[in-house]
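Chains as they are written, first to last, in the numbering used here: chain A, 802 to 1097; chain B, 802 to 1097.
One thing to keep in mind: the hints can contain errors.
Pairs count within a copy or across copies, as identical chains cannot be separated in the list.
What the hints assert, rightly or not - Here are the simulated lysine to any residue pairs, SDA-like style, with alpha carbons at most 25 angstroms apart:
| no. | residue 1 | residue 2 |
| --- | --- | --- |
| 1 | K842 | P1060 |
| 2 | K1066 | E1091 |
| 3 | K1058 | R933 |
| 4 | K1073 | H1040 |
| 5 | K1071 | I825 |
| 6 | K950 | I962 |
| 7 | K842 | H823 |
| 8 | K960 | K1008 |
| 9 | K840 | V963 |
| 10 | K908 | M1055 |
| 11 | K1030 | P1060 |
Keep in mind that the hints were calculated from the coordinates and are not lab data.
Number of protein chains: 2
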Amino acid sequence: MKNDIIIGWIGTGKMGSSMAGHFINSGYICNIYNRTYSKAKPLIDKGARWCNNPEEVALKSDIVFTMVGYPEDVEEVYFGESGILKALRPNHICVDMTTTKPSLAIKIYELVKSMSADFIDAPVSGGDIGARNATLSIMVGGEENIYNKILPLLELLGKNIVYQGKVGSGQHTKMCNQIVIASTMIGVCESLLYARNAGLDSETMLKSITKGAAGCWSLDNLAPRIINKNYEPGFYVEHFIKDLGIAIEESTRMGLKLPGLELAKSLYDKVKNMGYGKKGTQALMLALEEISLIKQ
Amino acid sequence: MKNDIIIGWIGTGKMGSSMAGHFINSGYICNIYNRTYSKAKPLIDKGARWCNNPEEVALKSDIVFTMVGYPEDVEEVYFGESGILKALRPNHICVDMTTTKPSLAIKIYELVKSMSADFIDAPVSGGDIGARNATLSIMVGGEENIYNKILPLLELLGKNIVYQGKVGSGQHTKMCNQIVIASTMIGVCESLLYARNAGLDSETMLKSITKGAAGCWSLDNLAPRIINKNYEPGFYVEHFIKDLGIAIEESTRMGLKLPGLELAKSLYDKVKNMGYGKKGTQALMLALEEISLIKQ
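Chain A extracted, bound-state conformation (with noise of 0.2 angstroms):
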């Protein structure tokens, strides 16, 4: 065991459980909670100490990692009445992983400077799998010698790890990353629709495409999944609805108009309204067909 430093880690949903598995795996005390407790049931079999909430969890740890679902997740977490912010103490270090508002990160940073502690965004791409793999991409943002501070720790959980810049900075980043992906996702059904109408066998056309200018992960990996129906949630409409509506909050009060994104956030809403917020990414394909008017 290793006793140098010791890890809380909130929110064990699918990500968070893979994340927080490594650093188990690694030998390291982890204090967990979850507001479910059977979905932290497999870590507590591992190795893992349960905490009845995060303010407990802060107490017992040197370093707080959050991994929940939405903004007013982690509004709760920390400032909750049982939040991290009731345990804080000088050189605690609270690190969030969940994809959230710059704006947020910029808030709980000043409060938890206030208190001498520090704070890092440090928000993640790479699904489920990458999470398992622990081939996640990091991207961070915060003051950089702490940043240096927790790589070796950020290690554990990925590969390709970035310092981005002061705080909300990874968030940003993260925005960044989702605003490519809203407008290729369209591209990708728009094409795949297309193809099916104009009598073209997808398969094949997919072979001329995926190598040229039209190359993309979505491409690659979803419209293989597209072709054959398959809607399964690699990443979830609900979740990618939360990212675009940041986004999009963020790019307004930056003074900037992103027909693009506009246009997959209502889409990704049609998605949604259709039933279909638990299905994957991938599941815009249906808003689509039902836009011109196809049968399922």
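Take the given structure of chain A and dock chain B to it, following the hints.
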């Protein structure tokens, strides 16, 4: 000099010159025609034989390739007063490599077949670099036995050569390619605009996102040019507008509504109206800046 087959080549622009050049370099007799003589001159200096019109090219050649600009140009070259059809003989093979309307490919095919000759549509992607290095993607439509006959010639021009099905399928596949690129470019430009306004370092941001789920050719190849405000053409805005117009026309005919494609077309029209028709597709950034009222 290879004498088994005499090649005709119509259209010696940026792409066509490189492509015809590969045939000449391989020892084929090559009859060429181009609307502007001066652009054909370098090929003539390499041994190509000048013809005064498409009819003369067809008359003197066994197989005629066309690589011109717009559907109207293809029509002129085939149906014009001194067009290819005037000199068509049985067993002649015509190969249109221009990106044009699937419906036009079908029209030419039917006329050519009625004269006991053959027609193949074989648009390409890969740009001027692909043409120069003979690494083009070639998407082929038409009769499969004719495809097999000309495959050794296509292999002198490209690497990823895929038979897509009956006549028009090559053009349809190219449309799928352009539909993906259209929306992807919106995502890439919006992401860079967001990054700049969020105070991120755009190059550092790219380090986080290019290898993951946002990864795409445009991000790898065009984002760095956009960051450097380099809008010189790889692929012309006005040619892309032509392609998007065809894609909209065809998809509308199929009863499809593709909102991403429509958005891209309207944004690229804006780029052209701003005077950037001869810039590269990455100049989409300039229209997005204008929409957000950002000064160049």
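We went through each hint and held it up to the structure:
| no. | hint | verdict |
| --- | --- | --- |
| 1 | K842 with P1060 | neither (44 angstroms within a copy, 45 angstroms between copies) |
| 2 | K1066 with E1091 | both (16 angstroms within a copy, 22 angstroms between copies) |
| 3 | K1058 with R933 | neither (36 angstroms within a copy, 39 angstroms between copies) |
| 4 | K1073 with H1040 | within (11 angstroms within a copy, 37 angstroms between copies) |
| 5 | K1071 with I825 | neither (41 angstroms within a copy, 55 angstroms between copies) |
| 6 | K950 with I962 | within (13 angstroms within a copy, 51 angstroms between copies) |
| 7 | K842 with H823 | within (16 angstroms within a copy, 66 angstroms between copies) |
| 8 | K960 with K1008 | between (29 angstroms within a copy, 12 angstroms between copies) |
| 9 | K840 with V963 | neither (30 angstroms within a copy, 48 angstroms between copies) |
| 10 | K908 with M1055 | within (17 angstroms within a copy, 51 angstroms between copies) |
| 11 | K1030 with P1060 | between (28 angstroms within a copy, 21 angstroms between copies) |
In the structure shown, a violation is registered for the earlier hints numbered 1, 3, 5 and 9, in ascending order.
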